[in-house]
Amino acid sequence: MARVLINFPPRAKRGEIIEIKTLIQHPMETGYRLDNKGAVIPRDIISRFTCTYNGEEVFRAELFPAMSANPFIAFSTVATESGELVFSWIDDNGQIQSEIRQITVE
Amino acid sequence: MQLLLTRRRILLAASGIGLASFVPAAGATEEAMAGAIRDLTGEAPLAPGKVKLELPSIVENGNTVPLTVSVESPMTEADHVESIHIFNQKNPQPYIAAFHLGPRAGKASVATRIRLADSQKVIAIARLADGSFWSDSADVIVTLAACTEQ
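Residue numbers (the working numbering), protein chains in the order written: chain G, 4 to 109; chain A, 38 to 187.
Among the hints, a few may not be true.
Stated by the list, open to error - Here are the simulated EDC-like pairs of lysine to aspartate or glutamate, each with C-alpha atoms no more than 20 angstroms apart in a straight line:
hint : chain 1 : residue 1 : chain 2 : residue 2
1    : A       : LYS144    : G       : GLU22
2    : A       : LYS89     : A       : GLU119
3    : A       : LYS144    : G       : ASP95
4    : A       : LYS144    : G       : ASP38
5    : G       : LYS24     : A       : ASP76
6    : A       : LYS144    : G       : ASP47
7    : A       : LYS89     : G       : GLU22
For the record, the hints were derived by calculation from the structure and aren't laboratory data.
With the rest of the complex left out, here is chain G:
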């Protein structure tokens, strides 16, 4: 499991726009680099990222090799109700890493 950083205010007022910052540890190997023997290092990147809020998708990203290693993505959402935010990163091989965070809306 890769290390993940997710940052957003744990409490928000109803209707407030909150900023969510996410970062996951990943080399994002482009597939364009050569190793010291001259062979191509195979591509290994996270190609998709999604965020759902109580089951409804609020943000989705498609990523290409031009994304930096340890991809950082910051976006926003409206705090509608208390519940859970699920963050999922999907790599080239279809492996999924999901993280769940709670939010309290007053």
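Here the structure of chain G is known, so what remains is to put chain A in place on it, guided by the hints.
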């Protein structure tokens, strides 16, 4: 050491070794970028405006270039940004990322970090709910290109 590093950097920047060290088949061109944008917009016109793309004008390290895109939009059910697409001119592939949002985003603003293989133009395109496309571009000078170290 300090002097050497500086000289090496200057040589790197001057000779374009950055691109030469890529796998030869790779290398996006202006046409590749135009093609990728056409695949997205189709026949729809692409107008400058509404979108604001923020990138540093000079970056030391092309491996992590901070980027922020924001779009003027009320983000209501009827009038919102559906997606934001980022393209580049000279990396091996023209596409950098696509972000899909909607009225639940509240505001149309996304920040991330990208790789740039050379000094070049970066373009952000926003697709609005009414099907129109808007864009902004930024020129970036890269002194140490991404992908140079093996």
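Now the hints, each set against the structure:
1. A:LYS144 - G:GLU22: With Cα atoms ~10 angstroms apart, LYS144 (chain A) and GLU22 (chain G) stay inside 20 angstroms; holds.
2. A:LYS89 - A:GLU119: holds (16 angstroms)
3. A:LYS144 - G:ASP95: Violated, at about 30 angstroms.
4. A:LYS144 - G:ASP38: violated (43 angstroms)
5. G:LYS24 - A:ASP76: violated (30 angstroms)
6. A:LYS144 - G:ASP47: violated (32 angstroms)
7. A:LYS89 - G:GLU22: holds (18 angstroms)
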